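Undergrad: As a plain string of letters, each chain reads:
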Amino acid sequence: MVRVLYCWILLMMLLAGELTMARLGFGSAVCACAVLMGLVIIFGFMRIAQAPPLAAIFALGGLFWLVILLSLGSLDSFTRTNFAVGSAMSSRPDHAPALPDESR
Amino acid sequence: MPDHITPYDTALHRDESAVSGMWLFLASEILLFGGLFLIVLVYSHTHAAGWNAGVRHTSLMIGSINTVVLLSSSAVFTLAVEAARTGDRRRIIHAGLGAAGLGMVFLMLKSWEWHLEFEEHLFPGTNFSISGPNDGGAQLFYSFYFISTALHGLHMLVGIGLILWICDRTRRQTGREISTIPVDIVGLYWSFVDLVWIVLFPVLYLIGRN
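Protein sequences, first through last, are from chains A and L. If you count the first sequence from 1, position 63 lands on 77 in our numbering, and the numbers rise without skipping. If you count the second sequence from 1, position 14 lands on 21 in our numbering, and the numbers rise without skipping.
For reference, chain A alone in the conformation it holds in the complex (with noise of 0.2 Å):
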């Protein structure tokens, strides 16, 4: 029950961490309050620690395709140099290049 305690203040304070640093626009910070909250859940409230290794096996296995979900999905937008992605559904971004037919 302690240590179930423990785990909850921790996550309060970090939300409140979370929430100041959202205040002041930091938005790096927020980021890593975010993944310290989800470490003590997974270590605290779900006990991956203690599960079987084959458990620990999936878990990490989720992650690293998780991984490769957002990093080769991403690719595309982030690489781009020729024009910007979906520029007629909104505006496009400052520093995006113009479109083909604009430059002419």
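If you are wondering where the hints come from, they were derived from the structure by calculation, not from laboratory data. Every clue listed holds true.
Estimated spans, in silico, between C-beta atoms of each pair:
id, chain 1, residue 1, chain 2, residue 2, range
1, A, L68, L, F153, 30 to 38 Å
2, L, A18, A, M15, 21 to 29 Å
3, L, S150, A, F57, 31 to 39 Å
4, L, P14, A, L86, 37 to 45 Å
5, A, G31, L, M115, 24 to 32 Å
6, L, H101, A, I82, 40 to 48 Å
7, L, R183, A, Y20, 26 to 34 Å
8, A, R17, L, S186, 18 to 26 Å
9, A, A30, L, D16, 45 to 53 Å
10, L, R179, A, M15, 20 to 28 Å
11, A, R94, L, S24, 42 to 50 Å
12, L, T13, A, R94, 55 to 63 Å
13, A, P67, L, P189, 20 to 28 Å
14, A, R94, L, I12, 51 to 59 Å
Here are a few chain L residues that face chain A, going by a calculated C-beta distance under 7 Å:
id, residue
15, E23
16, S27
17, I37
18, L48
19, V49
20, T74
21, L78
22, A82
23, S198
24, D201
25, L202
26, I205
27, P209
28, N217
All figures in this text were calculated on a predicted structure; none of them were measured in a lab. For every residue, glycine included, the Cβ atom is placed at its ideal position computed from N, Cα and C.
Please arrange chain L on chain A, whose structure you already have, making use of the hints.
TA: Below, chain L without anything else, positioned relative to chain A:
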């Protein structure tokens, strides 16, 4: 070999297989939500102005209260998991009902938030209230918002149902030895639902607000 552990060699083998199987299911769930987070990664970058305009229209107050409620619910159900290990039947039921109750509070607050957003015409479509050069990005944000919160809410409903099943099962098994594995498995699922919200909360309410 006793019938109740067939086809496993031992009870430990059976229990470890159940826990590992749940983690395999959660790994597949990570990829389900991963597709949604790919949307965030791409469109919050390529349509930053409109996306951030959408973030500024969400209710930070309701989102923050819901985060506290869900984290508390997960902590309370972890107490039920600990109670199952010590064989405390009464505490499993009390903690389970507490966790399910907090889960219901989360869903009620989320429903209220949706109601407010529908009233403000923030559902993507022809009557969308955010206008101007960034309305496309804002509509993309609200498309993501409604899909992700609906999917998360669906997982919460399933979780609440499982917790209530655990409470009922524990109540019916009076006089018999408590099986800890079902409580453990449901605890893993409930914490995973919490974990998904931990990622959704900054994406929907915080990053891009200022």
